[in-house]
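Asker: Residue numbers (the working numbering), protein chains in the order written: chain A, 815 to 947; chain B, 815 to 947; chain C, 815 to 947; chain D, 815 to 947.
Mixed in with the good hints there might be a few duds.
If several chains are the same, the list does not tell them apart, and a pair holds so long as it fits within one copy or across any two.
Listed below are the simulated EDC-like cross-link pairs for lysine to aspartate or glutamate, each with C-alpha atoms no more than 16 Å apart in a straight line [as the list claims (entries may be wrong)]: (1) K906 / D867; (2) K816 / D880; (3) K816 / D859; (4) K906 / D880.
Since the hints were made in silico from the structure, they are not lab data.
There are 4 protein chains.
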Amino acid sequence: MKTLTLADARSVIAAAEAKAEEIGQPMNIAVVDAGGNLVAHVRMDGAWIGSVDISINKAWTSRAFDITTKHLGENSQPGQDFYGILASNNGKVMIFAGGIPLTRDGQVVGGVGVSGGIGEQDQAVAEAAAASL
Amino acid sequence: MKTLTLADARSVIAAAEAKAEEIGQPMNIAVVDAGGNLVAHVRMDGAWIGSVDISINKAWTSRAFDITTKHLGENSQPGQDFYGILASNNGKVMIFAGGIPLTRDGQVVGGVGVSGGIGEQDQAVAEAAAASL
Amino acid sequence: MKTLTLADARSVIAAAEAKAEEIGQPMNIAVVDAGGNLVAHVRMDGAWIGSVDISINKAWTSRAFDITTKHLGENSQPGQDFYGILASNNGKVMIFAGGIPLTRDGQVVGGVGVSGGIGEQDQAVAEAAAASL
Amino acid sequence: MKTLTLADARSVIAAAEAKAEEIGQPMNIAVVDAGGNLVAHVRMDGAWIGSVDISINKAWTSRAFDITTKHLGENSQPGQDFYGILASNNGKVMIFAGGIPLTRDGQVVGGVGVSGGIGEQDQAVAEAAAASL
Numbered sequence: 815m816k817t818l819t820l821a822d823a824r825s826v827i828a829a830a831e832a833k834a835e836e837i838g839q840p841m842n843i844a845v846v847d848a849g850g851n852l853v854a855h856v857r858m859d860g861a862w863i864g865s866v867d868i869s870i871n872k873a874w875t876s877r878a879f880d881i882t883t884k885h886l887g888e889n890s891q892p893g894q895d896f897y898g899i900l901a902s903n904n905g906k907v908m909i910f911a912g913g914i915p916l917t918r919d920g921q922v923v924g925g926v927g928v929s930g931g932i933g934e935q936d937q938a939v940a941e942a943a944a945a946s947l
Numbered sequence: 815m816k817t818l819t820l821a822d823a824r825s826v827i828a829a830a831e832a833k834a835e836e837i838g839q840p841m842n843i844a845v846v847d848a849g850g851n852l853v854a855h856v857r858m859d860g861a862w863i864g865s866v867d868i869s870i871n872k873a874w875t876s877r878a879f880d881i882t883t884k885h886l887g888e889n890s891q892p893g894q895d896f897y898g899i900l901a902s903n904n905g906k907v908m909i910f911a912g913g914i915p916l917t918r919d920g921q922v923v924g925g926v927g928v929s930g931g932i933g934e935q936d937q938a939v940a941e942a943a944a945a946s947l
Numbered sequence: 815m816k817t818l819t820l821a822d823a824r825s826v827i828a829a830a831e832a833k834a835e836e837i838g839q840p841m842n843i844a845v846v847d848a849g850g851n852l853v854a855h856v857r858m859d860g861a862w863i864g865s866v867d868i869s870i871n872k873a874w875t876s877r878a879f880d881i882t883t884k885h886l887g888e889n890s891q892p893g894q895d896f897y898g899i900l901a902s903n904n905g906k907v908m909i910f911a912g913g914i915p916l917t918r919d920g921q922v923v924g925g926v927g928v929s930g931g932i933g934e935q936d937q938a939v940a941e942a943a944a945a946s947l
Numbered sequence: 815m816k817t818l819t820l821a822d823a824r825s826v827i828a829a830a831e832a833k834a835e836e837i838g839q840p841m842n843i844a845v846v847d848a849g850g851n852l853v854a855h856v857r858m859d860g861a862w863i864g865s866v867d868i869s870i871n872k873a874w875t876s877r878a879f880d881i882t883t884k885h886l887g888e889n890s891q892p893g894q895d896f897y898g899i900l901a902s903n904n905g906k907v908m909i910f911a912g913g914i915p916l917t918r919d920g921q922v923v924g925g926v927g928v929s930g931g932i933g934e935q936d937q938a939v940a941e942a943a944a945a946s947l
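This is chain A alone, in the form it adopts within the complex (with noise of 0.2 Å):
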């Protein structure tokens, strides 16, 4: 199983907080591996606590189906394909954006997770740190 670090986590999470520092929000950022489990969060100073678990669910659900949180979000709507897939897993599928699956020679090998702003913010934020591996 080709998986990641944590030498890995941390430059993805420095990469997340240069950008969240960037665009003045502070954030939530989490990353688990190819396992779905947790390998590093930070909490940004100022972060709202509500958004620990969700920056390491939106990260443990984009690798947990290999799609960004946004991506599923869009599906998961009234009427569309995964309504009610919130419902499985215990809580820890989100359908908002900020989870994105991290990726190395075209293979799934983790995911990452941000939470603290609005949708769009967190998007910015995940997408530059998935951009950094």
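Go by the hints and put chains B, C and D onto chain A.
Answerer: Only chains B, C and D this time, still in chain A's reference frame:
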């Protein structure tokens, strides 16, 4: 981290009770501190027992995301930025009116949660409570 | 069903606070009614945040089984009659000192739960509270 | 309420990692703030995935009761004052070595939790971490 005391919580609850009596609707009222931890709760005589949990979690939610639960609710409808957030944090995220961050000198120091009536009533009581600090 | 009012709960809590101050140990104090539902809770300044849940659940347990949690605990040790009871009721059964049924005219009308010190302290405060009704 | 920053948490984690490397046992290390909310977590390469939750909850427990989880564990054995406490707080109370309150100027400002080895190892790493603040 600026927070609030039990004496603060009691005066917030007293303001909420006064408003609840004025509108003739018994309420559950809860106050959390800056860490999101419960400081005090009361259930007025005749108030719903199902609202104990809701009042506590509205208070938590308003501090956890530094936002009113009414506003969070408006952004958590299908198609909105935070649709699905109620699956996070083990069922503690309340997305309807009645939770308001408590601020002092422009800083969030806790949250108040009110539950026992329709949204408009919960919100009116929570607003009276929040304004009293 | 004979039960208690918010005014009753507040006078029980006041008695508990007075005792807690006398022994110099800040406490969480909770009161449930005859239905086992929370009527009021306070966390005194400086009391443990981990004891919010414990105080509420000691109050619930003492009403749920019409027994002190100290007595229930003595019967819940390995080899005793109720060993394992803490696995029931979704983690709400507390089996150590500090929870006492509240009675009026010989009838149980609720329960008080105290948490914040060692067993002896919690018990002393709960006894002062229960005696006040 | 005195608390700690992400920079503080990172320096505590760095001290823990150095000690874990010295004893040759990869660890999960978590830091919570004064409100008991997670500030940062790392899982060192090769550390147990089952210890993610344990490290976070040891950190929470040590702050929630302002006590080391080792000491709490000694008082939570059958017949002791806190026997049964692990049923409270929805499974977040850890009662074995590896969690230590973080103090500054004699005040508890958070907690550190370490999990990944036997009790003696977790405790040694947590002590090195706590001493570094």
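Asker: Okay, which hints does this one fail, numbers in order?
Answerer: none
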